[in-house]
Structures are given as structure tokens and as C-alpha cells.
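Please build the complete structure, drawing on both the sequences and the hints.
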Amino acid sequence: MISQKKAPYLVIAALFALGILMPFVIKKYHLNMLTEIIVFALYAVSYNLLLGYAGLLSFGHAMFFGMGAFTVAVSLIHIPGLSIWNAVLIALVLTTAVGFITGGFLLRHKGAYFALLTLAFNSLFYAVATKWHKITGGDDGLSITRPDLHLGFTTIKMAALTNFYYVTLVVLGAAIVFCWYFTKTAMGQTVLLMRENEERMKFLGYNTNISRLILFTFTGALAGLAGAFYTLHFQFVSQSAISVDMTTTVLLMTFVGGTGTFWGPILGAFVYIIVQNYLSDITDRWPLFMGLIFILMVLLIPGGLSQIILSIRDLFSGKRRAGKQAAAEEPSS
Amino acid sequence: MTEYLQVQDIHKDFSGLKVLTGVNFAVREKKRHAIIGPNGAGKTTLFNIISGRFRASSGSILFRGQDISAKPAHVLNRQGVSRSFQITNVFQELTVLENIRSGVRSRNGMRYNFFRKPGNHPRISERTEAIAEEVGLKEVMHMPVNALSYGQQRALEIAITLSTEPELILLDEPTAGMTREETSQAIRMIDRVTAGRTLVIIEHDMDVVFSLADTISVLHYGKILVSDTPDLIRNDQRVKDAYLGEE
Chain V
1 MISQKKAPYL VIAALFALGI LMPFVIKKYH LNMLTEIIVF ALYAVSYNLL
51 LGYAGLLSFG HAMFFGMGAF TVAVSLIHIP GLSIWNAVLI ALVLTTAVGF
101 ITGGFLLRHK GAYFALLTLA FNSLFYAVAT KWHKITGGDD GLSITRPDLH
151 LGFTTIKMAA LTNFYYVTLV VLGAAIVFCW YFTKTAMGQT VLLMRENEER
201 MKFLGYNTNI SRLILFTFTG ALAGLAGAFY TLHFQFVSQS AISVDMTTTV
251 LLMTFVGGTG TFWGPILGAF VYIIVQNYLS DITDRWPLFM GLIFILMVLL
301 IPGGLSQIIL SIRDLFSGKR RAGKQAAAEE PSS
Chain F
1 MTEYLQVQDI HKDFSGLKVL TGVNFAVREK KRHAIIGPNG AGKTTLFNII
51 SGRFRASSGS ILFRGQDISA KPAHVLNRQG VSRSFQITNV FQELTVLENI
101 RSGVRSRNGM RYNFFRKPGN HPRISERTEA IAEEVGLKEV MHMPVNALSY
151 GQQRALEIAI TLSTEPELIL LDEPTAGMTR EETSQAIRMI DRVTAGRTLV
201 IIEHDMDVVF SLADTISVLH YGKILVSDTP DLIRNDQRVK DAYLGEE
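Chains as they are written, first to last, in my numbering: chain V, 1 to 333; chain F, 1 to 247.
Please note that a few of the clues may not be correct.
Stated by the list, open to error - Below, a list of computed lysine-lysine pairs in the DSBU-like style, where the Cα atoms sit at most 35 Å apart: (1) K157/V - K28/V; (2) K71/F - K117/F; (3) K31/F - K6/V; (4) K5/V - K71/F; (5) K138/F - K5/V; (6) K110/V - K131/V; (7) K117/F - K184/V; (8) K184/V - K31/F; (9) K18/F - K6/V; (10) K240/F - K31/F; (11) K184/V - K138/F; (12) K117/F - K110/V; (13) K71/F - K110/V; (14) K110/V - K18/F; (15) K5/V - K131/V.
Stated by the list, open to error - Label pairs and their calculated CB-CB ranges: (16) I301/V - G40/F: 44 to 50 Å; (17) E129/F - I301/V: 25 to 31 Å; (18) A147/F - V275/V: 38 to 44 Å; (19) P8/V - R55/F: 44 to 50 Å; (20) G40/F - V275/V: 55 to 61 Å; (21) Q92/F - Y29/V: 45 to 51 Å; (22) I301/V - F115/F: 52 to 58 Å; (23) Q4/V - V75/F: 34 to 40 Å; (24) R192/F - V170/V: 24 to 30 Å; (25) F54/F - M33/V: 26 to 32 Å.
What the hints assert, rightly or not - Here's a subset of chain F near chain V, in silico, CB distances under 8 Å, partners left out: (26) A73; (27) R111; (28) N113.
Quick caveat, the hints were computed from the structure, so don't treat them as lab data. For each residue, glycine too, the CB sits at the ideal point set by N, CA and C.
Below is the structure:
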């Protein structure tokens, strides 16, 4: 029998194997979509570390995503011969720094004030991206060409989608796996405990302000990494990458998938991108239908798709369910 | 001789409401000191100030000769001060093990580590288990807190307080809301786990106070009325008038 501890690693290995096989199975159009899904999966996972794990509702996550996206484009345009790695690295360093500095201002406040401040900061970054035409291209956006990947012994042509898909799968896949691992580590657990009872954590020697700042910076850097690959994927970036719409997108992905599990937002990104693609093929008014779907989802299943899946699983394993109920009913008796 | 814990002329106003009006007392190392007083005397406020939750309006607190009155709670905890709460203040959704481990790993420097899992650390696991055993919660270690009885939750409150290996332990009414039997059990447990450490305890239950404390301070309307040994406190006319006599 497979031990409980090893089971997640087997799932991860299976998903990677599936990912490696995909280019042989699906059409280019769908591979394009899958690459986009991986990018948004990391973006949503990073957002859920804030929302689901730390209980911080941010309306400014797109400022990191957009910052990462623009940094890659701007550095590839202005620094000749820059490699993909270094472009991504610059984006990571910059979003980390921005996360640390903005976090220092934002995290002085909690709850609704924090949420409104993140919205204000996001709008500020959006305004800069729109007005600083010389650097960001303003309304026109910036076009780039993916540089080839030099590995020393060989060069991989990045113009081919399949090759870029593999790089995305490995790099962003590893980042998502690290996020999952992170939730089990001391810091990940600290974040959870703080959401449960921040007051008590202070009396156990935890500096809760620093903890929150570290988490905020970390999730900002992850969103920046996703943003960097967003630009590399589309070979184009415009101000929409840093707009409040991009924050709403990640918020909806996370809610559709469910904030209660680690993998919920990944599922959310998957469903969101697919539904969006098919709806936009059918009608130009796709945002209207997306909106209706989300309203219904939040009203009817606030726990998201992952809640439905967990309920179905519980239905099939009656034992687990009975155990849970017993635990829940005991204190009231 | 400098005292281990010295509270000097502590005042606390809450927007005009004077809760503490010059509190003075001292605690010797490895002694047990009880603070008693009627409801609203300011006992918990005093604890909130010593443990770094609030800052005093004026006055100072010396811990091992060092002024700690301006230090935040997490810094004080790292220096060896740990407190419990009158209203159970634990991590309700988590298991007993996770609750106790939160402090044990903090003490072992595993607060913000991005790579290591606290559950894989043998010293942390051993210590967590040992503390659970000390307070009598070893059998329920893997149960979520909200499945525990009230008495067990109070024991967990103390276990978490002990989890950072404090030198100075502050217990705020550890037996609040307990039955007689639970209380006497709790006293024995507190007596056991605080052996060899300095304890300051707030308590309403006179049985608890007189069986545990080496010295007692009576807090009355924001001031210490008298500090002395249990025998002398029991026979002090001022205390009888102010507090004991009213019961």
C-alpha cells in the first residue's frame, strides 16, 4: 500500500509525466492554452497563499504579475543578448523588492483597509504603466521575441511552442511544487497559525508583522515569475497585465477552484482559461457570461470546485465522513 | 539584592479610566507569587502590561534587572516570559500536537524557515510529546482542539504557555470555570509543571492560591494593598475587610 506521506509525490510525478506527454497528444492550439494555464496556475497558487492560507484579501496582486511581465519585456528590449534566465531573474529581483517595499506600507493595515490600499497601489502601478509611454509602450504595449535558450552544449530554439512549453512546465511546475512544499514548512505553518490566532502567536515569540511581510514578498515574487512567463508566452505585454482586471482574474480563478485546498486554484485556472477560450470563440460578449457563471458559483458553491470534488470523495469513502462528523458533533454534546 | 521580577509604580489609564494607580511588588527567583483581588481590580490589565500586550502609562518592570516595560510580546517571550490567558486562547481548528508544537519550534528557532518541516525535527517532536504528557494530554495529541473537553482545553492553554520553555510563567486564572474536581487536578498539575521555575498566578479560587503560592499580593482598586506570605495574608485585617470578608 502507498503510504500517505508518499502519495502527493506520486501525484506530482504523474502530473509531470502527463505534462511531458501532452505535446504528442494534443493539438498546437491546445498546447498554447495549456502553457497559459500553467502560467495562471502559478499566479493563482501564489494568490491563494495570501488569501486562503494567510487570510489576506488583496486587490493588488496584478501589480506583481504586471511588474514581472513588463520587466521581462523591457529588459529584453533594452539589453541586447540578454538570456531568458537573466530576464526572468531581473523580473524576480525587482518584484521581490517591490513586494518588500509596498508590503512595508500596506501591511500596517488590516482587513478592509489593507484590501483598499492594495487596490490603490495597483491603480498607481497601472497609471505608471499607461503614462510612461517611452518605457512601457503605453496603450500600444511591447512586443518581444523569445530568445533562444543556451545550455552550453546545445541551443534550444524557443520560437517553437513545444520547446517553450517544456521550459514553462519545468520552471513554473517546480515553482508550484515548491509552493505546495512551502505550506508544510515552518514558515508555511506559521502563516496558517497566524490566520488561526495571531494574538497567541505573538506570545509564543513570533514577530507577526515580519511574518506577514515575508509572505507578502514571497507571493509577490511568485506572481512576478508568473508574469514573466506570461510575457514570454505571448511575446507581448500591454497595460492589461498590470490592470485591476488582472487582479480580478486571479481572484475569480481562486474562488472558482476554491480557497480551501492547495490544488483548488490550479483547477480554477484550468477551468477559467478553458471556459474563457470557448466562450470567446462563440461570442464577443464572453465577459458577461463569465460574470454570470461566477455569480452563480459564489452563490451556490462558495467552497469552489474543490469543495464539490471533496464532497464527492467523502461520499464514496463513508468511513472518513463518519469520522469527521463525530469530531464535529462532540463539542456541542 | 535585585529581585527577579520587580514591578515598580505601574499606572495604567484607559482614556481617562484609571485602572492601575501605582502597582508595586516583587517576585524572587523560583518562587510562586499569587495576585488576588476582587473583580475589576485590574489583575488582567497588570498581566497584559507585564507580558507586553499593553504598555503602562507610567512605571517600569524589571526582569532580571533589565527594564522590559517597552518590549513587545514576542521579544519578551524569547527572553523567557510566557503567559496563559483567562479565556482559552488556543488554535481551535488544529490538533493538540500542532498547538503545542507552535511554541516548541519557536523556542528551537524554527519560526520562519522556508525549507524545513517542523514535524521532521526529532528534538521538536520529543519535546512536544513530553509537554503533552506533563499536562496529561498525550492520549488526545492527534485530536482537534474543538473536540476536547473544557478541562482539557484549559490544560492545553497551560501546555502552550510552557511550550517555549519559559523561566517566568504568568498564569491568568488557570482554573476559571472548572469544577471542584477539575480544579484540584489542575492545581496538582500546575504544581508539577512549574517546579523549579518562577510563577506569577492570578486566581480567584482561594484553595488554589493558598496551596500553591509562596507569596501573595492583594490588588485592590488599582493598588497593591499588601504583599506577604499566605499565612499572614489570611490573618491580615485589611485583606479581610477589602476582599475575603466580603465573600
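Tested hints:
1. Restraint check for K157/V and K28/V: satisfied, since their Cα atoms lie roughly 16 Å apart, inside the 35 Å limit.
2. As the CA atoms of K71/F and K117/F are separated by approximately 30 Å, the hinted pair is consistent with the 35 Å bound.
3. A distance of roughly 50 Å separates the Cα atoms of K31/F and K6/V; the hinted pair therefore is violated under the 35 Å criterion.
4. This hinted pair does not check out: K5/V and K71/F have alpha carbons roughly 41 Å apart, beyond 35 Å.
5. A threshold of 35 Å between alpha carbons decides the hint, and for K138/F with K5/V the separation of about 23 Å falls inside it, so the pair holds.
6. For the hint linking K110/V to K131/V, the alpha-carbon distance of about 30 Å falls within 35 Å, and the restraint holds.
7. Between K117/F and K184/V the CA atoms are separated by roughly 6 Å; this keeps the pair inside 35 Å, and the hint holds.
8. Of the pairs offered as hints, the one joining K184/V and K31/F is violated, with about 40 Å between alpha carbons and a cut-off of 35 Å exceeded.
9. For the given pair, K18/F sits about 59 Å from K6/V by alpha-carbon distance, which is inconsistent with the 35 Å threshold.
10. Using a Cα cut-off of 35 Å, the hinted pair K240/F and K31/F holds, with the two alpha carbons roughly 24 Å apart.
11. With a C-alpha separation of about 23 Å, the suggested pairing of K184/V with K138/F holds against the 35 Å cut-off.
12. The suggested pairing of K117/F with K110/V holds, with an alpha-carbon distance near 28 Å, which does not exceed 35 Å.
13. With a C-alpha separation of about 22 Å, the suggested pair K71/F and K110/V falls inside the 35 Å cut-off, and the hint holds.
14. Restraint check for K110/V and K18/F: the C-alpha separation of about 29 Å stays at or below 35 Å, so the hint holds.
15. Between K5/V and K131/V the CA atoms are separated by roughly 51 Å; this puts the pair beyond 35 Å, and the hint is violated.
16. The given range of 44 to 50 Å is respected by I301/V and G40/F, whose C-beta atoms sit roughly 48 Å from each other.
17. A hinted range of 25 to 31 Å for the beta carbons of E129/F and I301/V is inconsistent with their spacing of about 40 Å.
18. The hint said 38 to 44 Å for the Cβ distance between A147/F and V275/V, and at roughly 40 Å that hint holds.
19. Checked against the hint of 44 to 50 Å, the pair P8/V and R55/F passes, with Cβ atoms roughly 46 Å apart.
20. The given range of 55 to 61 Å is respected by G40/F and V275/V, whose C-beta atoms sit roughly 60 Å from each other.
21. For the pair Q92/F and Y29/V, the beta carbons lie near 49 Å from each other, so the given range of 45 to 51 Å is met.
22. At about 35 Å, the CB distance of I301/V to F115/F disagrees with the hint of 52 to 58 Å.
23. Distance hint check: the CB atoms of Q4/V and V75/F are about 39 Å apart, consistent with the given range 34 to 40 Å.
24. Restraint check, R192/F to V170/V: a C-beta distance of roughly 55 Å breaks the suggested window 24 to 30 Å.
25. Our hint of 26 to 32 Å for F54/F and M33/V is violated, since their Cβ atoms are close to 56 Å apart.
26. Checking A73/F against chain V by beta carbon gives a least distance of about 4 Å; that is within 8 Å, so the hint holds.
27. The criterion of a C-beta within 8 Å of any C-beta in chain V is met by R111/F, whose closest approach is roughly 6 Å, and the hint holds.
28. With 8 Å as the threshold, the beta carbon of N113/F comes within range of chain V, its nearest partner Cβ sitting at about 4 Å, so the hint holds.
The structure fails to meet hints 3, 4, 8, 9, 15, 17, 22, 24, 25 from the earlier list, while all remaining hints are met.
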